[in-house]
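Residue numbers (the numbering used here), protein chains in the order written: chain A, 46 to 386; chain B, 46 to 386; chain C, 46 to 386; chain D, 46 to 386.
Hint data in this document are derived by calculation from the structure and do not stem from the laboratory. Hints may contain errors.
No copy is singled out in the list; a pair is fine if it fits within one copy or between any two copies.
As the list claims (entries may be wrong) - Here are the simulated DSSO-like cross-link-like pairs (lysine-lysine), alpha carbons at most 27 angstroms apart as the crow flies:
id : residue 1 : residue 2
1  : Lys126    : Lys52
2  : Lys116    : Lys264
3  : Lys66     : Lys364
4  : Lys364    : Lys52
5  : Lys165    : Lys142
6  : Lys373    : Lys142
7  : Lys225    : Lys251
8  : Lys325    : Lys364
9  : Lys66     : Lys325
10 : Lys119    : Lys276
11 : Lys52     : Lys119
12 : Lys126    : Lys325
13 : Lys156    : Lys370
14 : Lys142    : Lys325
15 : Lys167    : Lys369
16 : Lys197    : Lys165
17 : Lys61     : Lys78
18 : Lys119    : Lys93
Computed from a prediction, not measured in an experiment: that's the story for all the values here.
Residue strings, one per chain:
There are 4 protein chains.
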Amino acid sequence: MDIIVLKPGATEEELKRIVKKLEHRGLKANISKGTERTIVGVIGDTSKITEEEENAIRLMPGVEDVMRILKPYKLASRDFKSEDTTIDVMGQTIGGKKIQVIAGPCAVENKTMLMGIAEKVKDAGATFIRGGAFKPRTSPYSFQGLGEEGLKYLADVREKTGLPVVTELMDPRDIEVILKYADIIQIGARNMQNFRLLLEVGACNKPILLKRGLSATIKEWLMAAEYIMSKGNQNVILCERGIRTFETATRNTLDLSAVPVLKQLTHLPVIVDPSHAVGKLAYVAPMAKAAVAAGADGLLIEVHTNPEEALSDGEQSLKPDEFKKLMKELKPIAAAVGREI
Amino acid sequence: MDIIVLKPGATEEELKRIVKKLEHRGLKANISKGTERTIVGVIGDTSKITEEEENAIRLMPGVEDVMRILKPYKLASRDFKSEDTTIDVMGQTIGGKKIQVIAGPCAVENKTMLMGIAEKVKDAGATFIRGGAFKPRTSPYSFQGLGEEGLKYLADVREKTGLPVVTELMDPRDIEVILKYADIIQIGARNMQNFRLLLEVGACNKPILLKRGLSATIKEWLMAAEYIMSKGNQNVILCERGIRTFETATRNTLDLSAVPVLKQLTHLPVIVDPSHAVGKLAYVAPMAKAAVAAGADGLLIEVHTNPEEALSDGEQSLKPDEFKKLMKELKPIAAAVGREI
Amino acid sequence: MDIIVLKPGATEEELKRIVKKLEHRGLKANISKGTERTIVGVIGDTSKITEEEENAIRLMPGVEDVMRILKPYKLASRDFKSEDTTIDVMGQTIGGKKIQVIAGPCAVENKTMLMGIAEKVKDAGATFIRGGAFKPRTSPYSFQGLGEEGLKYLADVREKTGLPVVTELMDPRDIEVILKYADIIQIGARNMQNFRLLLEVGACNKPILLKRGLSATIKEWLMAAEYIMSKGNQNVILCERGIRTFETATRNTLDLSAVPVLKQLTHLPVIVDPSHAVGKLAYVAPMAKAAVAAGADGLLIEVHTNPEEALSDGEQSLKPDEFKKLMKELKPIAAAVGREI
Amino acid sequence: MDIIVLKPGATEEELKRIVKKLEHRGLKANISKGTERTIVGVIGDTSKITEEEENAIRLMPGVEDVMRILKPYKLASRDFKSEDTTIDVMGQTIGGKKIQVIAGPCAVENKTMLMGIAEKVKDAGATFIRGGAFKPRTSPYSFQGLGEEGLKYLADVREKTGLPVVTELMDPRDIEVILKYADIIQIGARNMQNFRLLLEVGACNKPILLKRGLSATIKEWLMAAEYIMSKGNQNVILCERGIRTFETATRNTLDLSAVPVLKQLTHLPVIVDPSHAVGKLAYVAPMAKAAVAAGADGLLIEVHTNPEEALSDGEQSLKPDEFKKLMKELKPIAAAVGREI
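Same shape as in the complex, but just chain A (with noise of 0.2 angstroms):
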């Protein structure tokens, strides 16, 4: 349903050319004329009407304003599908009761670190590890990534742990090697509309993880979930991890608020990433408590051996023991809102 707001002065004639404009596209217009605005509402299947037409009426003379009731994105939404989607990856159920961590370091270094690190995170209770072979940095000097190397490592610490892995994808042209080793892509916040990017992952078989872009809006980041699904991928994980505002206290504000909002308008799980969000060591724990308290479905949490010694992001990163300790926190808080972790 449409609806197009006309000028204060708009003619009768200019009514008709809309009228006629609908009727050609097998809709029909309900006038309503106000004392100060005429407004018509379009009858019919208007799910069809692309961007193109909809801009093209809002130019025809006399027109002020076309307002777009139905929402952009069609897959993702909870009217398109009313119960929650849980995706299960090597006997883990993500959006199910049970609250998925996700840890490791935010990038992989080498295979002894990680193995230390992995293990050690499973035995504090997190189901996924991840760990970044390719990585974004905003810094042409810094430390880029292992690439297929650190794929490997982290294909070893699953055969070892058992967890499965989660680590990002960032060109297409890497598709084929992160799918030969990853559980689940990540797509990261800069790549949010990367349309390329995600209409590849669309036509995967691997869960994605789509992180919310830098100043996305939430209608957007469901926009990006959409392209990906509309290839035929429904196994869309949404990861909040902080919008940019003009606060600089914290790296980027965390929207927890997003957590509520899109448990009402998609039926996609969403998971939390404090430690990205905050930027911050002190900030992390606080912040992972609230997000699991705020009905979050998961938590993606940066941790490493060595903090100090880190090539990316160590600033952030919890050490194994402040994980454990967190996990023991987290469980009284996820019992709280009716979940396990």
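Knowing the structure of chain A, use the given hints to seat chains B, C and D on it.
Relative to the frame of chain A, chains B, C and D by itself:
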């Protein structure tokens, strides 16, 4: 004209209650049933529906959303008054062909300094003198202004130079003393939604220069103007002075597109303060030129004979000779957009 | 300790002038010449350097930038007072182990309604009653509050229920009447930088609940607290209520990471108002839970017996039974973070 | 030159460890003990300290903060190259006295349409033709571009009109086909931090038009330019196209102050795209004028013969006669700032 959008599963019973509620208020309902949503167009004089009544409808069972077509401000709107408002102050017309330039120091510091600046800016073409006697400072430990003494210096300057005085009102208790000395009363960015202050100046007979709040939308800004106008004072001058964004290279982000947007929405004059927005001397002149090119009716520029010794905002103040150079450079730009300066 | 960074080509002469200026103020210079920049460390008690003097140095020839190491606020800083401030109001301690809950309608509308709400929220565990008698409304055509009559109703409620009263002061001229009835004086988000109002409440002996401005950084918010404290009133309670971002799915973005950030920077108690931040009923309870998990010392929640008829902000008000359910659900979360509610 | 600020209670032992760490890296420490903080100035060539090493220092015991004095980009900085970079493309110089105007439709739709627009914009004074063959669209259901066919039409236009071609690269896999047809390769706002794409175009020998990301700071934007330049391609043109703020009256907020800021920080040419920033036809011309007045080296303007039928962004497209009028109006403004158009 309001539009009420019903939830997908809204019942006939719920629809009936809504229609009844509207009829109770002397309005009629125009119902459009689409394939995915039913919408109700409200016919009649909806301008009298208060925000409270709108909220009440939004909370009725079966209602998904309520949309307002009409703007929430009226007196400030170009729908209400189509021709440009011009404001005459001691022979200078704000909002006419001539671009008015308000210049002077951020704070009035002493009489000699103020007189020196005033004579130089007048000589360079400024048409108003500005200076703060009451200063809104973010630190309680900073210079807070000279109070009435500063106002007297401004009046002395007016007497000697003929330049009308623009100065800020911060506290409703100061209105009488301000009225005694000011020709235009400035409401600062931090007070844009100090509603009591707005009502106070709405009841006085001096023009009001209303600065945009640091995070105010254009709509909220016009609502603030409406507050003033609703009390009888129609002489409101809008002053864009930068909004808060994530960018830190400038103090604020000067939103020059607000100028053409306002020219479409309102009949009130629009001026631009580049000094406070950018916060750095080197950026003031380019942005002053851009403001004139964008269609501003005036400029507010900080000038100080000795910026290094300024007690407030020296970093963004032009020296008199820099101001003179800028005024000269603005002339052909003003001419290019059909204006004078 | 201030740091002065020189421009790449700064001369010895320029450096000398800077050193001399510092010595004039009783400070010493420690010069470090790097390969690309020279920096001057300022030694001595720089806390007495005013903003004005800092600006003057910034504008000296050869200076590229001046950096402040010390925070611009002092009394509010944890450096100044390391232990948590607790505030006692009629036997309730804010900032202690118990999480305090301030509940009530946005605006006081009539006595019966207010009493009904107060009894129900008290029964559910609320420890303070709130209600606005003077309302900051963005439209001049909206309900502006009952004034002193509303304050009397609040006092009646206190007498009957024992709940202390929290209510907003908008205008320095109302301070006497507010002091007669309020136990805690609220400064609203739009007045966070109404410096005259801050000085006024700084001179009174009632605790102040200071809401964060819509676009205020945490640093500016603490500077506003400093304003109040500089006048003698040390009992300031900070209240996070959402900041303005590009996201439109919620009214504002509740910045819960402000809670752990503030806990590090200041000794003052921190509470959270989820109702105003999210603006929609369905998101209030999840965000209240998240606030407690993040370490908030209290909550401010809107409750109305009949949200559909509320004269202000009905959309975000919980009904008493919803509030009761929430209070029950908050208990185990409070316990999980070592608190009571 | 880096500065290390110690915590109030840092011990001599902690200070020694820091000094030792610096000496290990061939750097020297200059210690300033203030009354409230000790700071360590790092002397030597700190430009080789990686982000990783900086992080490691930040996490050492006793360290409160680390500040970088030098900019994180080098090749793009005016410190590195003081004179303006000019880029020659088929006889047109970008960054010189002449303001270059890139005009054309958002998307290439068909050959006749494109040729018609090209002839008209050339006639009006445009010096480059633009058009997208691969379109980044927020909806997977929108027109995605003609691909190589569209590029061929652009090449045909160049052959016939002599206008060099500007077109967007979205996917590293398309680089060869783009290189075959484009004279300037555009990197869109959503790909500003698609680091793989940046490295790819950094290795090619065509000029790159790098749009600012929707929420990118100027510093991050220059870091993105540095990515390209670090691979050898020094011909980067920066294009301001609006940033995301809370304002909704325009699609984005055109940050024109970025023009003078960039002119100070970098030697690279800076152009402005008012069309995408404002999103509405009526605001394009005023903002184009403002951009020229602010000192932009060029403009990127959308022109379409039939905006109502445009398959992308019709709402913001000028018709050829509107463009012609604008070009004429820009002439005296360009002259006023010492430029030609």
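So, going through the hints one by one against the coordinates:
1. Lys126 <-> Lys52: For lysine 126 and lysine 52, only the inter-copy Cα distance (15 angstroms) is at most 27 angstroms; the intra-copy one is 38 angstroms.
2. Lys116 <-> Lys264: Intra 8 angstroms, inter 24 angstroms, cutoff 27 angstroms: intra and inter.
3. Lys66 <-> Lys364: between (64 angstroms within a copy, 22 angstroms between copies)
4. Lys364 <-> Lys52: For lysine 364 and lysine 52, only the inter-copy Cα distance (22 angstroms) is at most 27 angstroms; the intra-copy one is 62 angstroms.
5. Lys165 <-> Lys142: Result: close within a single copy only, 24 angstroms intra versus 33 angstroms inter.
6. Lys373 <-> Lys142: both (17 angstroms within a copy, 21 angstroms between copies)
7. Lys225 <-> Lys251: Within one copy, since 11 angstroms is at most 27 angstroms while 35 angstroms is not.
8. Lys325 <-> Lys364: within (13 angstroms within a copy, 38 angstroms between copies)
9. Lys66 <-> Lys325: between (56 angstroms within a copy, 23 angstroms between copies)
10. Lys119 <-> Lys276: Within one copy only: 13 angstroms inside a chain, 42 angstroms across chains, cut-off 27 angstroms.
11. Lys52 <-> Lys119: For lysine 52 and lysine 119, only the inter-copy Cα distance (16 angstroms) is at most 27 angstroms; the intra-copy one is 31 angstroms.
12. Lys126 <-> Lys325: between (38 angstroms within a copy, 23 angstroms between copies)
13. Lys156 <-> Lys370: Close inside one copy (25 angstroms), not across copies (50 angstroms); limit 27 angstroms.
14. Lys142 <-> Lys325: So lysine 142 and lysine 325 pass the 27 angstroms test across copies only (26 angstroms; inside, 29 angstroms).
15. Lys167 <-> Lys369: Only inside one copy: lysine 167 and lysine 369 sit 10 angstroms apart there, 39 angstroms across copies, limit 27 angstroms.
16. Lys197 <-> Lys165: For lysine 197 and lysine 165, the Cα distance is within 27 angstroms only inside one copy (19 angstroms; across copies 57 angstroms).
17. Lys61 <-> Lys78: both (14 angstroms within a copy, 21 angstroms between copies)
18. Lys119 <-> Lys93: For lysine 119 and lysine 93, only the intra-copy Cα distance (12 angstroms) is at most 27 angstroms; the inter-copy one is 37 angstroms.
When held up to the earlier numbered hints, the structure conflicts with none and fits them all.
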